[in-house]
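Listed in order, the protein sequences are those of chains L and B.
So in the working numbering, the last spot in the first sequence is 502, and the numbers never skip.
So in the working numbering, the last spot in the second sequence is 1308, and the numbers never skip.
Think of the hints as simulated: they come from the structure by calculation, not from any bench.
Mixed in with the good hints there might be a few duds.
[To be verified] Straight-line distance between alpha carbons at most 20 Å, and here's what the computed SDA-like set of lysine to any residue pairs gives:
{"hint": "1", "chain 1": "B", "residue 1": "Lys1049", "chain 2": "L", "residue 2": "Pro217"}
{"hint": "2", "chain 1": "B", "residue 1": "Lys1092", "chain 2": "L", "residue 2": "Asp436"}
{"hint": "3", "chain 1": "B", "residue 1": "Lys1229", "chain 2": "L", "residue 2": "Leu76"}
{"hint": "4", "chain 1": "B", "residue 1": "Lys1229", "chain 2": "L", "residue 2": "Lys253"}
{"hint": "5", "chain 1": "B", "residue 1": "Lys1278", "chain 2": "B", "residue 2": "Ala1075"}
{"hint": "6", "chain 1": "B", "residue 1": "Lys1229", "chain 2": "L", "residue 2": "Asp74"}
{"hint": "7", "chain 1": "B", "residue 1": "Lys1229", "chain 2": "B", "residue 2": "Lys1278"}
{"hint": "8", "chain 1": "L", "residue 1": "Lys253", "chain 2": "L", "residue 2": "Phe323"}
{"hint": "9", "chain 1": "B", "residue 1": "Lys1281", "chain 2": "B", "residue 2": "Asp1043"}
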Amino acid sequence: MNPSELPVRPSTAVPGAPGAGSEVTLRDVEQVERALIDASTRLPVLFFYGSAIVWLLLGTLLAGFTSFKLHAPDLLANVSFLTWGRIRPAHVNVMIYGWGAMAGIGTAIWLMARLCRTTLRHPLLLIGGGAFWNLGVVLGVGGILAGDSTGYEWLEFPPYAAIVLFVAYSLVVSWAMLMFRFRRGDYVYITQWYLLAAFLWFPWVYGTTQIMLFVVPLQGVMQEAVTWWFANNLLFLWFGAIGLGTAYYMIPKVIGRPVYSYHLAAVGFWTYALFASWTGMQRIVDGPFPAWMITASIAATILTIIPVATVGLNHHMTMRGYFGLLRYSPTLRFTVFGAIAYTVFSLVGVLLSLRSVAGYVHFTVAGVAYSHMGLYAFFTMVMFGSMYYIVPRLVGREWRYASLIKLHFWSSTYGVGLMVLMLLVGGLSQGASMHDPSLAFSESTQSILPYLRGRSVSGLLLTVAHFVFAFHFGLMLFGLGRTASLPTFLNPQEEEALEARL
Amino acid sequence: MKGIAPLFLGIVGTFVFSWAGLILIPNYQIGHLEPQVDEDGNDPYPAPKSGMADRGRRIYVANGCVYCHSQQVRADYAASDLERTRDLDPKKPKWGERRSAPRDYLFEHPILLGKMRLGPDLANIGKSAPVEGESAAPAVNTAGPATTQPSPASNPTPGASPVAASPGVAAVAASPKPAANSAAVVGITATGNGAEAPYSAAWHHRHLYNPRSLVLDSNMPSYRFLYQKRRISGERAADALRFDEPNAVPEGWEVVPTYDAKNLVAYLMSLDQSHALKEVKTSGAPASAPVAPPAPASGSPAPTKEAK
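Chain B on its own, in the form it takes in the complex (with noise of 0.2 Å):
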């Protein structure tokens, strides 16, 4: 090849033609996206994290979560996602009523849509929390006819006290029949003696310190390093970790997360997609008939989650 200029000039061109059309012109269609208002303008979502949700979020970058855990929903023609529930468990909330849009993302940075699932889909992670007290409307995740009385160990975690107390919640958490029937099939186990409610804040504490002792076949490692052990003085803290039998801490020991815990933990309630989008369709619970619960809420299409 003679002269230099072609060749130059070919290798900026392509470059820019690659920029041009991967990044410029989806950034113009995607990238200066607004959050959405409903007619009266009320309603924003999404909203940026605050406070302890967007510190937690550097907690989550910083151990490197997102090489296992994705935090976006697929469609349905896609993939599976939307027909999946947590733990295979009916009871139990699915990954998300929606695909997930550009514009549940608004406000990440940086973001964390992962790239490989070696741990479940994160996006509605904090949406599968049990119910709180001021939202008493009966969500999907929310089991119908609650017959289990609420478990017997109160929840000690200030934060979710209220979670601890709910009575629809006890009933998944004190392994009804059919969970435990599927538990038994694949190899979960939900928490053995009923304590935390799964996914709320205690179960997320308990579960970054001791995956196993939660999730018998977890592949996830512990994150030890985010809590502290140290010796009870005085009163037993009000946010220690409570155990089972095997894992128990020795007398007189307890365990506290750390503040980078807290905010980890306030991360991962925070993340929730259920908010409808104009631009998505909502798919309730139609399509899932099988894992569908008896709950008549479940039977209205699209319970637009007011709840949020």
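Just chain L, with the same shape it has in the complex (with noise of 0.2 Å):
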């Protein structure tokens, strides 16, 4: 439990510090090894980011088109897969399975083999499962378009695609076992917490679903109980514990110092997994199910305080002093800003969860936000984040334009910004309209109009965001990046001074 243990670079190691002469011949061996490590996953993880990319733009553009046909329903409505009802399920698994899991995939993979200090074997058969995965993702994107859709939120797709998707992640997830089995060194750093509590909790709580929705189907309402059971673990225990895993490598290692507190990590990660999985029921408030259910959950949201707080503690005081890096690196300014929209995330889910908030966002546009805070806020800018250290890590090159990495950094930022929040005000004014019964029920709908607009706009600016970033991550791909030394900093004119801190 000595933090000086941690997979971190020790501070002592800088070049040129005073006594660091006998640490570099060490050092020297760590870097091969890690360059080895590197080489070994290279392709998998490439390949698991450039489909995720894909997906990431397909995703976007049915977005752009569900966000405009609120507000311009009759927008290419006579084609029957292009109908809303459509789109939208396509749009939130594309991004879900699409763009979320593979890159999530593929970070984990990478963060894996460094922590387990293990190079990658028989890369090979991990494409094997990434082109698998998106066999099933195109199969149940298509399915949802050709109106086989289950119906089920977020568990769209139909079961034939579902059993792909399945098969894909256990070849997937044997891999990250593998290494995990084989790793060096005998402690087990508090990522690979996350991503072994990732890996085995999505194939339980995907299959578990699925036979509970369409092996052995559950009578009635608990069908719905089962898909938001669903809904939250995946949210939290598999996209969230990636996406903490990661903040918790990516934020000390670029900043070059220990995780402030190990035991704060643990009580996090520990209280984090049994509070965040009984989460899910406070979104049917109100509904045809037993209150205690609904309570249950609303008590562990309210709960999820003690994780959020101690995590966010700890990314506090690792940071404390480094603030001034977030100017430079675009691995931490994405990791801090997703890392700090976790802590926002979660306090809003917690607001809402309330029964006296959520009957009046209940059935409202304020889910979605709630959805977008987690999925895109969080998670996604970490992701974002992670590719900006790893893929210069599998490629040799380095990211070519600072000024495209701050494009699409602000892009999102702001995108994604007002999207919640206009998503959170309509939510709000529609929830205060339905609540009223002297005001039609039209009324609700109209008021949010100027909302949904204005998300509108905002999608627009993630469109941006993530055609640039497709576009310099295509450079990386082809070898166009740039031949250096030195990362690439977002504010170049002051690498000099920056290069005495790395």
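Reconstruct the complex from the two isolated chains, following the hints.
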């Protein structure tokens, strides 16, 4: 449990620091070792990243379409596979299973190899898993557009696509487990807890849900409970765990000092696992369910303040004195934004779950805001950060244009900020109108139209961000990055001052 | 952290704990319900949907209706669902007479409770339809004194033909004064020239085909791909849609619902949670004094809908 054991760069190993002479050889060995490990993960991770980014672009286009149709309902409404009710689940599932899962798996594989200090054996089989996963998403999205949706939120992929996904996932997860099995060193770093948990939780949650919905379907309203149990566990125990694990690696790594408190991290992890997995039923508040289920989930949601506070405190104390680095490091900027967004997302989640508030925001677009805070402002931003860190190490080139990274960051930040603001405020206004029986129902849908238009504007910003990032990633993929010894900093004119620090 | 066993056990444990708490125990509690029957073992509720309604659910799912329409009425202490009437029109039926209960969804697969309301709740949309010919008993939704004449336009849809004949319905459709008032205020219009009775099968067809021809400020997409526009060969089809002047189809053409559209409307017409349940209080119309129509029928508490 000694923090100095952590596999982050010890602050004493700064080159040129006095007394570092004896460590140079050790550092050299470590660097060669890391380079070998990175090289072994190169093809599969790039394959997962590349697929993820293609899905991200497709999902972005679908999202824009979804958003515009809400205030222009006759837009291309005469084509069955472009009707709003099919485009929307297509967007959601592309983002979850295409972008989110594939980006997360890519990052998780790389982190696992690095932290287990073991090379990835037979990387091509992992590519097979990735190809299968892509096939599953293609089948699923095609099924939704063709009218084959199952009708369960976040689980719309028809069973034939779900089976392909499951097989693909089994391939991937067994590789991750093998790496873990052959890890070197007898400590398991915080990031590995989260990744190991995520790798195990996903198949259990996904598998049991599929069984309870399609193989031996539960009766009536229990299906809805299963759906929300699944959605929340997917959000927290899969995306959340990967996002938090990645942040626990990237923040200490980039600033070059160990995590502030190992014990705090342990408290945060276990309370997270315990409480976050019990949330979900607050989303069916006042529905035809026993009230205790919903109350239990509300209580669990409130209790997630504990892991949120510990994780936030830990990151903050790690960062203390180093916030200036946010000016330079793209990875740090995206990751810290994501980490802060995680705190905000969780606190908003607590607020929205309270019965008095939920009475207003239930059945409104505020739920969409909540999902985007979790999946975009937190998870996606952390993934972007990790990609900015990992991709140069895989292709041996640095990012070409600092300006493009900045454009990506600011469009994403303003885009998601505007979206969340619009949907939260719009949701409250919609809910207030819906709550008042003396107002016509259409009053509530009319009252959110301006907000929905604002959301479409935010979608344009996000579209710019994603296409810029995809273009930049494409340059890296085709070897058009910079060959330089220093990473691409966001403010290069000051990089000399920084060189002394890093 | 040293030792992998506690980590692994903890990961398994939290998963099982949450599954047992949120799925297993609730399933024990509400996962094995039986339909409710009366003292003689008759009148079971709910009953599985059959035939077209069941196929219609597939269309409902395939086209994502659930993303905008919920099918649940919340309790009166939590929300105003029970006080809400359709289109703010006191003459029109309420969203529900009682809250939804687990038993209402016994045979639903997939379940379509919904999580967002960009359109009104549909839990009782079938019940909102004008009363069928055979159940002549005055239900809550028909306005009492039918003063206006039946609409001159006869309804061509065969399934709903008794509907258009009901005078009570025409009273709703042909815009009595209060309804017209509220329509002006909130920008809603009922049927322009009083053709289809609201929420009848013919109304649903026209609404699906062109929502804004019936509800001016609707944001529902049209579902024209569920309809077929074709040249009239010989006789005009009995189930062809009727249109007002600005939306009319060209001379010699007609729009007819496909099989999918008919199933979907059959499904919508089957949505009805008005049957009283022992475990849920049926509100009747005591609290809704301001919106209660002056009809004598609504005065009696809990008109328990044997009509169904």
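Open item on the list: Holds or violated: Lys1229 (chain B) and Lys1278 (chain B), Cα atoms, limit 20 Å.
Closed with: Measuring from Cα to Cα gives roughly 48 Å; hence the hint is violated.
TODO: Assess, step by step, whether the Cα of Lys1229 (chain B) is no farther than 20 Å from the Cα of Asp74 (chain L), and give holds or violated.
DONE: Holds, at roughly 18 Å.
- [ ] For the pair supplied as a hint, Lys1281 (chain B) and Asp1043 (chain B), confirm whether the alpha-carbon distance does not exceed 20 Å.
- [x] Roughly 19 Å separates the two Cα atoms, so the pair holds.
Open item on the list: Hint check: Lys253 (chain L) vs Phe323 (chain L), CA-CA at most 20 Å. Holds or violated?
Closed with: 14 Å, holds
Open item on the list: Would the hint linking Lys1278 (chain B) and Ala1075 (chain B) be met if the CA-CA limit is 20 Å?
Closed with: 15 Å, holds
Open item on the list: Would the hint linking Lys1229 (chain B) and Leu76 (chain L) be met if the CA-CA limit is 20 Å?
Closed with: Cα-Cα ~17 Å, so holds.
Open item on the list: Lys1229 (chain B) and Lys253 (chain L) were given as a pair; does the straight-line alpha-carbon distance stay at or below 20 Å?
Closed with: Roughly 64 Å separates the two Cα atoms, so the pair is violated.
TODO: Measure nothing beyond the straight line between the CA atoms of Lys1049 (chain B) and Pro217 (chain L); if it is 20 Å or shorter, mark the hint as holding.
DONE: 17 Å, holds
Task: Restraint check for Lys1092 (chain B) with Asp436 (chain L), where alpha carbons must lie at most 20 Å apart - done: Within the cut-off at roughly 17 Å; holds.
Hints 4 and 7, counting from the list given before, are not met by this structure.
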